[in-house]
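Number of protein chains: 2
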Amino acid sequence: MKKIIAAMLLTFLLTHCVQDTDTGYPERGMIPDKRMLHIGIVVKNIEISLDHWTKFLGLEKRPEVRMAEGHEANPTHYRGNPSNAKAKLAFMQLENMEVELIEPVGEEASHWKEFLDTKGEGVHHIAFRVKGMEENHYIENYNKNGLPMVQHGGWDGGEYGYMDGLSSLGVMVELLEMYDN
Amino acid sequence: MKKIIAAMLLTFLLTHCVQDTDTGYPERGMIPDKRMLHIGIVVKNIEISLDHWTKFLGLEKRPEVRMAEGHEANPTHYRGNPSNAKAKLAFMQLENMEVELIEPVGEEASHWKEFLDTKGEGVHHIAFRVKGMEENHYIENYNKNGLPMVQHGGWDGGEYGYMDGLSSLGVMVELLEMYDN
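Residue numbers (our numbering), protein chains in the order written: chain A, 7 to 187; chain B, 7 to 187.
Next up, chain A with everything else stripped away, as it sits in the complex (with noise of 0.2 Å):
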């Protein structure tokens, strides 16, 4: 009995916490599922963005645009340090996902305006749903596999981090947590 206990006890290890020992990527993937929620495109003007944008898709309503700013609950850092950081936003519902338009606003610095100074406007991030980002250790794993926190922040109902994978994946990741579902 104590040996069927420990097959099965080694048989889990092995399929749900072996990591390749070359890269330290955990062998099932970073994300909990395959669904990609949404693009974030950073741009200079979010209204003449949204202008194109809403006719591009030809939505019969233009997204309303409102204003990211720090939440007490969830302030925002930025490479590790606290930021004032605030963006307008506006999101656009596509058939399988939506799109993010981001504009930085303000001189506070961020990701999003460190994105725009050096690349210029373009898709600053791909968004995965996760559940658990502190006791699931994310932050600590992506940061181990090449993939460091540059910004964290979020509001009463949820935090968002985005994990640096422009050398390694060619776009920045963002894990978004909703702490309701």
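Mixed in with the good hints there might be a few duds.
No distinction is drawn between identical chains; accordingly, a pair holds when it is met within one copy or between any pair of copies.
As a list, the in silico BS3-like pairs of lysine-lysine whose alpha-carbon atoms are at most 30 Å apart [claimed, not checked]:
#1 Lys-50 <-> Lys-137
#2 Lys-50 <-> Lys-94
#3 Lys-50 <-> Lys-150
#4 Lys-119 <-> Lys-137
#5 Lys-137 <-> Lys-67
#6 Lys-67 <-> Lys-150
#7 Lys-150 <-> Lys-40
#8 Lys-125 <-> Lys-92
#9 Lys-40 <-> Lys-137
#10 Lys-137 <-> Lys-150
#11 Lys-119 <-> Lys-50
#12 Lys-50 <-> Lys-125
#13 Lys-92 <-> Lys-67
#14 Lys-50 <-> Lys-67
#15 Lys-137 <-> Lys-92
#16 Lys-125 <-> Lys-150
#17 Lys-40 <-> Lys-125
Think of the hints as simulated: they come from the structure by calculation, not from any bench.
Once you have looked at the hints, place chain B on chain A.
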């Protein structure tokens, strides 16, 4: 009776064919449906990027890399001129879409190379399926709406066009047609 037919015709024209007089955008948008097929990421070295992506997604099988070359049925054109541009391609299937990796090969001019040289590695395009690229005047319409075609090519079973949405949408649009469906 004639009045009814005339009214029906007018209604049809108004709802189907009217364009925004300010911009020339078709009222129903510029894609037949809002399903994003894939995002295309231009990279310097597809083998290295594919290793990262395979591990990031936790894929059991590393996707194959194939060479995209011009085909006599649809020879490649870049900014109006014939081009022998080549690229290595790989596709990864996610739950709701695909990710394409593209490594431009050789010194021949292409928009892949232009993008890599000017902006570095990153998301080059978002792709949508179309039917009748030529018969339905897609290229003409996109051009009229400020998204000129900068590269066109294909094979015996289909064709693609890269439409320059960089300054309006923040990303290139790939129109992709498959002749058999």
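Checked hints:
In this homomeric assembly, Lys-50 and Lys-137 never come within 30 Å of each other (Cα to Cα): the closest approach is 32 Å inside a single copy and 33 Å across copies. For the identical chains of this complex, Lys-50 and Lys-94 are intra-copy neighbours only, at 10 Å inside a copy versus 32 Å across copies, given an alpha-carbon limit of 30 Å. In the homo-oligomer, the alpha carbons of Lys-50 and Lys-150 lie at most 30 Å apart only across protomers (23 Å), although the nearest pairing inside one protomer, at 33 Å, exceeds that limit. Taking CA atoms no more than 30 Å apart as the test, Lys-119 paired with Lys-137 passes inside one copy only; the shortest distance there is 28 Å, against 39 Å between copies.
In this homomeric assembly, Lys-137 and Lys-67 come within 30 Å of each other (Cα to Cα) only across copies, at 26 Å, whereas the closest approach inside a single copy is 32 Å. Only between protomers do Lys-67 and Lys-150 lie at most 30 Å apart by alpha-carbon distance; the minimum there is 23 Å, versus 44 Å within a single protomer. In this assembly of identical chains, the alpha carbons of Lys-150 and Lys-40 lie at most 30 Å apart only when taken from the same copy (21 Å versus 37 Å across copies). Both within a single protomer and between protomers do Lys-125 and Lys-92 lie at most 30 Å apart by alpha-carbon distance, with minima of 19 Å and 25 Å respectively.
Taking identical chains as interchangeable, the C-alpha atoms of Lys-40 and Lys-137 lie at most 30 Å apart whether they share a chain (14 Å) or sit on different chains (28 Å). When the C-alpha separation of Lys-137 and Lys-150 is checked against a cutoff of 30 Å, the pair qualifies only within one copy, where the shortest distance is 19 Å, while the shortest distance between copies is 45 Å. Taking the shortest Cα distances, Lys-119 and Lys-50 sit within 30 Å of each other both inside one copy (9 Å) and across copies (24 Å). Taking the shortest Cα distances, Lys-50 and Lys-125 sit within 30 Å of each other both inside one copy (12 Å) and across copies (16 Å).
Taking the closest pair of Cα atoms, Lys-92 and Lys-67 come within 30 Å of each other only inside a single copy of the chain (25 Å); across copies the shortest separation is 41 Å, beyond that limit. Proximity of Lys-50 and Lys-67 under a CA criterion of 30 Å is satisfied intra-copy only: 22 Å inside one chain copy versus 40 Å between copies. When the C-alpha separation of Lys-137 and Lys-92 is checked against a cutoff of 30 Å, the pair qualifies only within one copy, where the shortest distance is 25 Å, while the shortest distance between copies is 41 Å. Both within a single protomer and between protomers do Lys-125 and Lys-150 lie at most 30 Å apart by alpha-carbon distance, with minima of 26 Å and 27 Å respectively.
Within a single copy, Lys-40 and Lys-125 get their C-alpha atoms as close as 27 Å, and across copies as close as 27 Å, so both meet the 30 Å cut-off.
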